[in-house]
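Sequence lines, in order, name chains A and B. Terminal number for the first sequence in my numbering: 207, no gaps in between. Terminal number for the second sequence in my numbering: 261, no gaps in between.
Derived by calculation from the structure, the hints in this document are not laboratory data. It is possible that part of the hints are untrue.
Restricting the straight-line Cα-Cα distance to at most 25 Å, the calculated cross-link-like pairs of lysine-lysine (DSS-like) are [said to hold, decoys possible]:
(1) Lys118/B / Lys150/B
(2) Lys242/B / Lys80/A
(3) Lys150/B / Lys168/B
(4) Lys150/B / Lys198/B
(5) Lys92/A / Lys130/B
(6) Lys32/A / Lys83/B
(7) Lys80/A / Lys198/B
(8) Lys118/B / Lys32/A
(9) Lys80/A / Lys92/A
(10) Lys130/B / Lys118/B
(11) Lys92/A / Lys168/B
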Amino acid sequence: MLSLRRKKTDAAVSQEPPWHPNFRNFERLPDTKVVRTAFFINVGAIALTAMVALWFAFQEYELRDLRLQIDAWQQEIDRNKPPSTRAVAQFRKFQEEASRIQEINTFVTARPAVSDLLVQLGQTLPANIAIDGLELRDTGLRLIASVRGAPELASGHASTYLAQLRANARLAEWFEQIELQSINRNQQTGRLVVEYLLKTKKEKGAKK
Amino acid sequence: MMSNEELFAFVKKNRLAVACGVLSVGLALAAYYRGDGLAENQAVLDQKAVEGRRLALNLKNAAQLDEQLAAVSAAAAEIKPRLVRVDELANNLQYFYKLEAETGTRLSQLQQTANAASVARWTKTNPKAAFVPIGFSLSVEGEYPALLDFLRRLENGTHYARAVAASVNILKPDRSGPYVLQLNVELLGTP
């Protein structure tokens with residue numbers, strides 16, 4: 000049989016005023032929680048300290064590593080410096096000597112060799128053309144030639160020779176523009192006298 | 071504000087946590103101050119590495135420098151006897167007379183156009199140049215092969231030479247006679 004007395008609910012209990020004053024000082028009472036608050040505080044403090052210590056240790060490790068690398072480079076510098084200084088001095092001497100040789104090379108190659116020009120012109124001269132004279136200056140080469148044959152054919156030979164001069168690769172190294180300056184008849188011989196002008200390339204013409 | 075007693079009690083109650091806090095602050099301060107050394111050392115390392123690599127590269131590039139320097143020095147030693155001097159007029163003109171004798175041509179005119187004053191002017195305007203060009207003007211007469219021989223010997227001879235201006239003309243209209251070569255030539259020399 001069930002008891003007729005009904006148990007009071009928790010809500011009912013909490014609504015009831017305490018039946019006597021509570022004189023307990025909670026701050027001085029021991030912590031009775033299953034895991035004490037001090038444990039969490041200590042764990043947090045230890046974790047923070049560990050992190051800071053790790054940071055500090057890592058930084059010290061980096062510093063040590065840098066110092067080791069600096070020492071290694073310094074040793075290599077100390078080892079290589081004397082031979083490097085000697086090599087630099089040798090290289091300066093080499094540069095000095097090489098510049099003298101280069102100066103000579105520039106001097107010799109700044110102008111065409113007249114003997115080479117004469118040989119080149121002689122080797123490529125057509126049978127019906129004879130060179131009367133030539134004049135080499137800074138600005139270019141003036142070439143005077145007589146053309147054998149009847150005037151109506153001779154002018155054609157002169158034009159052919161002009162095309163041949165323009166196509167000459169060796170002459171193209173020194174001269175950029177080759178023109179037929181004049182065609183006149185020599186009254187004594189009856190032959191056509193032609194004058195060609197081979198203009199020196201600008202970069203070659205400048206005196207070095 | 072916490073009194074000394076309260077502070078002492080707090081420290082006594084949380085000894086471990088306080089010790090950890092103090093230690094953390096100490097380590098953090100030490101890390102902060104030593105952190106500057108990290109940047110400084112990195113800068114020093116970069117500088118040393120650059121210098122070290124430069125020196126290593128110097129040695130690498132200088133591997134055959136001894137042989138190259140010896141070759142260049144030997145070539146440079148050959149230059150000196152091939153240079154003319156502006157004040158040695160007789161020796162300089164003798165060079166052309168030797169060519170005349172060797173090639174069977176005839177020098178109808180020969181003069182040295184450079185003198186000490188012109189060389190001094192040239193040196194002043196070209197201060198970096200190690201050599202000076204010494205000018206000569208000459209006329210040579212002879213048959214075409216002999217003139218060509220003269221030119222070749224001059225341009226490829228003992229002294230470094232280049233023709234500044236040249237003209238070749240035939241003396242007789244019937245092409246039977248000799249040719250005349252007029253030449254302005256420079257020989258490389260020293261002041």
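Index of numbered hints that the structure contradicts, given in increasing order: Hints 1, 2, 7, 8 and 11 are the ones this structure does not satisfy, whereas the remaining hints hold.
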